[in-house]
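Novice: Need the complex rebuilt from these two chains, each delivered in its own frame; the hints are there to steer you.
Letter by letter, the chains look like this.
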Amino acid sequence: MTNAVDAGDVGLLELRDLKTHFFTQDGTVRAVDGVTFEIRDGQTLGVVGESGCGKSITAMSVLRLIERPGRIIGGEVLLRGKNVLNYSDQEMRDVRGNQISMIFQEPMTSLNPVYTCGDQIAEAVELHEAISRREAWGRAIEMLAQVGIPEPARRAKQYPHQMSGGMRQRVMIAMALSTNPELLIADEPTTALDVTIQAQILELMKALRERNKMAIMLITHDLGVVAEMADEVVVMYSGKVFERADALTIFEQPHNPYTRGLLASIPRLGDKRERLEVIRGVVPNPLNLPTGCLFKRRCPYAMPVCDTPPPVRQVKAGHISRCWLTPESEPPSIGADAPPEVAEAAAQELTVAGR
Amino acid sequence: MAAYVFRRTLQAIPILFGVAVIVFMIVQLAPGSPIDRFRTPRVSPAQLEALTRLYGLDQPILDQFVKWITAFVQVWRRDAWGYSTLDGQPVLASVLERVPATLRLMGLSLLVTIVVAVPIGVLAAVKQYSWTDKIITTLATIGYAIPSFILGIYVLYFGGVVLKMFPLFGMESLGRGGGDIFDLAWHLVLPVTSLAIQQIAGWARYMRSSMLEVLHQDYVRTAKAKGLPRARVLGKHALRNALIPIVTLLGLSIPALLAGAAITEFIFSYPGLGQYFVQAVGVRDYPVVLALTMVGGLTVVLGNLLADVLYGVVDPRIKY
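These protein sequence lines map, in sequence, to chains A and B. Its first residue numbered 0, the first sequence is counted upward by one per residue in numbering that gives the first Met the number 0. Its first residue numbered 0, the second sequence is counted upward by one per residue in numbering that gives the first Met the number 0.
These are calculated hints, taken from the structure and not from any lab test. Hints are not guaranteed to be accurate.
[Unchecked claim] To be clear about the criterion: a stretch of chain B counts as covered by chain A if any three or more of its residues have a C-beta under 8 angstroms from a C-beta of chain A, and this derived list gives those stretches: (1) 63-69; (2) 135-142; (3) 236-248.
[Claimed, not checked] In silico BS3-like pairs for lysine-lysine, Cα to Cα no more than 25 angstroms straight-line: (4) B:Lys318 - A:Lys156; (5) A:Lys156 - A:Lys212; (6) A:Lys295 - A:Lys18; (7) A:Lys295 - A:Lys315; (8) B:Lys235 - A:Lys156; (9) A:Lys81 - A:Lys212.
We put the CB at the ideal spot given by N, CA and C, even for glycine.
Bound-form chain B, shown alone (with noise of 0.2 angstroms):
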C-alpha cells in the first residue's frame, strides 16, 4: 500500500507540470492583463509600460514561465508564489491563511451531503418506482440542474431576508473574532445548506442507481433465502456492496466540491480560496489566479488518489 501511494505519487509530478503549462497557456491567452485596472486616462502610456516591466509581462512568454515555476515549487520560501498584484501580499500566506475556512465548509458540506444523500438514494431505490422514488429523483434532478449562484442567491434570501435568522455574509461576527464556535457554525449554516443541496442531489442519484445494481445482484437474493430479515437484507449485504462505488465518488467529488465552493463563498463572501479566486480572475492578479489553479489540479490528483486507496480498504477483493 505505501509503496504504491509512492508511486502514485511520483506520477503525479509529471501530471501537475502539464497543469503548470496549461494553466499558464490559458491564463496568458485570456482577454486583459494586471494591469488593466490601471489603464484610466489619468495614468500615462510610460507609467503603463513601466507596470508591465515591474511585473516581469514584457519577457517573452517562456521565459516568464520558467521562473514562475521555479519559484513556484520553492514552497519552502515565503513568496514562492509571488505577490498578489492587487494587495501586494504574499500570495503562499494568503492561500494558507484561507485554507482552513474553504476545509471547514467543505468538509462540513461533504458531511450533511453524505447524511442525508445515502439514506434518501436508498430509500428511492428500496421504493423504486413509487411515488417516494418520483418525488425524491424530481427533486433531484431539480437541485442538480439549479446553477450554484442562483441557488446561493435564494438561500441567501430566504435564510437571510425572509427568515432573518442568519447572517448575510462573512465567517464570523464583526468584532468576535478568534473562533467562537457557535458564531462560526452560525456564519456557515447557510453557504454550506447552499453547497449541500446541489451535492446531495448528484450523490442521492448515484446512491439509488449503485443500490438498485446491487438489489438485483445473487447475493442479495442468497441473503433473503437465508431467512434474514429485510433490514439485515439491505442494511448488511445490499448496502456494504452499494456504498463501494460511493466511496469512490467520495475522492473524486472534492475537487467539485472546491470548484463549487468558490461561486458559493463568493455569493456568501466568506473568506476562503474560492472568493479569493473569484476576485483574483476579475483583476487578472496572475498569481493568484496560477497558485489557485495548481492547488485545484493538486486537490484533482489526491482526490483521485484517496478514491483509489479507499476502494482498496472498503473492497476486499482489491489490493495494492
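If we strip away everything but chain A, and leave its shape as in the complex, we get (with noise of 0.2 angstroms):
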C-alpha cells in the first residue's frame, strides 16, 4: 500500500467536510461537524482546541477507530486522492500502522503490559512487512535505537512497566515508525510528561521528521508545542474549525476572537499580572449547543449577528477564518454600534465577497 507517492498535486490526506457523531442516549453528540482541511507530504499540521473540540475525535476518524456509539455520517477521508471511509476492514488496516500510524497521548497506559516492547514493535513491522520473526526483532532494536533508547537490545526484551513514561513515549514513536508511515498521527503526545521529557520528545519528532520525511498531524491544547513543531495550525472549537493558516500568522496575526483568546491566555514569563489570562466561560454543552455561532457566549465581540451560524471567511491566501467579523486585522468594524439587520446584511455581502 506504500505506493503512489510521486502523486503530484495530489494531496497526502484531505479532509472533506467530516462529520463524526456520537449517538449516545441524552442525544446525538455533534464532535466532529464538518472539518475540512489538508496535509501535504511532509508538512505538520498542528491541531489545537480545547479539551472536548473534537481534535482527538478527528484523528480516530482518519483512522476509523471510532466506536460505538459514535460513528462517521458524513465527509471524505481522502488518502492520496482515495476516500478511506470507502476502503475494506482489509484495506484499512493496510492504512493503519503503516501509511499512517498513530501514537498517543498516554504512554503509561497504550503499550500492553503483558508483551515485551520489542515484541509490540516486532509485531507492527511483522504485521505490514513479509520478513521474518527475527528480522522484525531486528528492526525493533534498530528502532529502539534510532528513538534514543540506550541498550536497545536489553530495552527490548523489557516490560513496559520497567520503563519511565519517557521511555514509553520512545518506545511508542519506534512502534509507529518502524514501517516507516508517511503520516504520523501525534494525540497529545507529551502531554502526559514533564517539561524537560516533552522538550527531549519534541526534539525526537523533529529530527526523525527529516529523516523519514513524513508529513506529522499533531494535536495538542499546548500552543507553546505548536510554535515549536508545527507548519500550518488549525485551531478547532465543539467541533468545527475556527481557523486554518500558517503558524506565523496564527501567532503573529490571529483574526478569530477565539485564537486570540487562546493566545492571550498563555502565561507569559515576567508578567506581574495577578491573575492569568483566560477565556471566560466553559466549552458549550454538546448535547445543547447555542445556535448560530458556538463561540459567542464566551467571545468579547459578540454581537447581535452572531446569532446567525457565522460564515467561512478568507482572511488572505491560505487564511481562513469561521467568524463575522472582517478580515481586516483590527476588529470590530460591523455590528458593534449598528442595528442588527443591517449589520447582518453587510456580514452577508461581506460573506461573498470573502468567498
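Specialist: Structure representation (C-alpha cells):
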C-alpha cells in the first residue's frame, strides 16, 4: 500500500466536511461537525483546541477507529485522493500502522503490559512487511536505537512497566515509525510527560521527521508545542474548524476571537499580572449547543448577528476564519454600533466577497 | 518465589490454628451430639452416660480441644484424626480414600467450566448489549441463582430418568470396580454437569466484565491503530490481559467448588469427601466434621496461595 508517492498535486491527506457524531441516550453529540483541512507530504499540521473540541475524534476518524456509539456520518477522508471511508476492513488495516501511524497521549497505558516492548514493535513490522520474526525483532532493536533508547537490545526484552513515561513514549514512537509511515498522527504526545522529557520527545520527533520525510498531524492543546513544531495550524472549537493558517500567521496575526483568546491565555514569563488571562466561560455542552456561532457566549466581540451561524471567510490566501468579523486585522467594524439587520446585511455581503 | 511460598506457608499455621479454634467452638455450640442417635427408649441413661464418657464428651471443652488438636497435627499416625463415631473407621484413612474421587469430580468440573465459560464471557463482552449478550447474561444469572440442591436434582432427573442415559448414583457400576475409565466417566457426566453449570454462570460473568474493562484500555486501541486484525486484537492483546484476574479466580474458586461438591456428591450418592461430610453432619460425627472442616480451611489457604503464585506467573508486573 505504500505507493503512489509521486502523486503530483494530489495531497497526502485531505479531510472534506468530515462529520463524526456520537449517538448517546441523551442525544446526539456532534463531536466532529464538518471539518475540512489537508496535510501535504512532509508537512506538520498542528491541530489545537480545548479539551472536547473534537481534535482527537478527528484523528481517530482518519484511521476509522471510532467506536460505538460514535459513527462517521458524512464527508470524505481522502488519502492520496482515495476516500478511506469506502475502504474494506482489510484495506483499512493496511493503512493503519503502515501508511498512517498513530501515537497517543498516555504512554503509561498505551503499551500492552503483558508483552515486551520489542515484541510489540516487531508485531507491527511483521504485520505490514513480509519479513521473518527474527528480522522484525532486529528492526525493533534498530528502531529503539533510533529513538534514543540506550542498550536497545536489552530494553527490547523489557516490559513497559520497567520503563519511565518518557521511555515508553519513545517506544510508542519507535513502534509508530517502524513501518516508515507517510503520516504520523500524534495525539497529545507530550501532554502526560514532564517538561524536560517533553522537549526531548519534540526534538526526537523533529529529527525523525527530517530523516523519514514524513508528515505529522500534531494534536495538542499546548500552543508552545505548536509554535515549536507546526508549519500550519488548525484551530478547532466544538467540532468545527474556527481558524486555519500557517503557524506564523496564527501567532502574529490571528483573526478569530477564539484564537486570540487562546493566545492571550498563554502565561508569559516576566508578566507581573496577578491573574492569568482566561477565556471566560466554558465549552458549550455538546448536547445543547447554542444557535449561531458556537463561541458567541464567551466571545468579547459577540454581536447580535452572531445568533446566525458565522461564515467561513478567507482572510487572505491560505488563511481562513469562521467568524462574522471582517478580514481586517483590527475588529470590529460591523455589529458594534449598527442595528442587527444592517450588520447582518453587511456581513452577508462580506461573506460573499470573502469567498 | 520459593522464599515467598515458604513465608506464606508459615503464615498459614496461625490461620489454620484460628480456624481450628472456631470450628471446634461451632461444632460444640451446634445442637445435638454424637450420642443422640443412640437416644431411644431402649437405651438406658446409664448406657448413654457410658457412651458420653467413652467419647470424652464429659471432659471440659478446653481439655477436649487440646487433646483433639494435639492428635490432629500428628498426621503420620493412623489414628491422628480419630475414629468415626458412625462406622468406627479411622477418619484420616477414610478421608484419604475419598480424596481422589472428589479431586476427579472437581478437576473435571473446573476444566469444563473454563472451557465453556471463557469463550462465552468473551463473546458476551465483544458483543456487548446485543441479543447474544443479553441471552448469555440472563442464562448466567439464572444459573447463578439456582441453589445447587435443586439444580442437582433436576440434572439427575433429566439425565437419569427422562433420558435414561446416565446412572442415577455412584462412582462406578457395581462389580466393575477397579478403575474402568469409561465407567468412571459415564458416572461423572451428571455430577460434573451439575457442578459446572453453577460455576460456568459465575465465571462467564466475571470473564465478561474483565474483558469489557480491557476492551476500553488504551493498549487495545494501540493494537487496532497498528493495523492488527480484530481476531489478533481480541485474542492476543485483550484476552491475555482479561485472563489475569480470571486466573486469580481459579485459586479462589477451589474452596467454593469443594463446597458445591458437597451437595452435588450427596445428591448423586458420589462417594467423595462431600458426601462423607454431609452424612457426618447429619449424625454429629464430631471427628469427621472437624477433620473435613479443617481440610476445607486448608483448601482456602492453599487456594489463596495458588492464586497469588499464578498471578506472578501470568502478570509480568508482579514479582515476589
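Novice: For every hint, state whether the structure bears it out.
Specialist: Quick rundown of the hints versus the structure:
{"no.": "1", "hint": "63-69", "in the structure": "violated (count 0)"}
{"no.": "2", "hint": "135-142", "in the structure": "violated (count 0)"}
{"no.": "3", "hint": "236-248", "in the structure": "holds (count 4)"}
{"no.": "4", "hint": "B:Lys318 - A:Lys156", "in the structure": "holds (16 angstroms)"}
{"no.": "5", "hint": "A:Lys156 - A:Lys212", "in the structure": "violated (29 angstroms)"}
{"no.": "6", "hint": "A:Lys295 - A:Lys18", "in the structure": "holds (22 angstroms)"}
{"no.": "7", "hint": "A:Lys295 - A:Lys315", "in the structure": "holds (23 angstroms)"}
{"no.": "8", "hint": "B:Lys235 - A:Lys156", "in the structure": "holds (18 angstroms)"}
{"no.": "9", "hint": "A:Lys81 - A:Lys212", "in the structure": "holds (21 angstroms)"}
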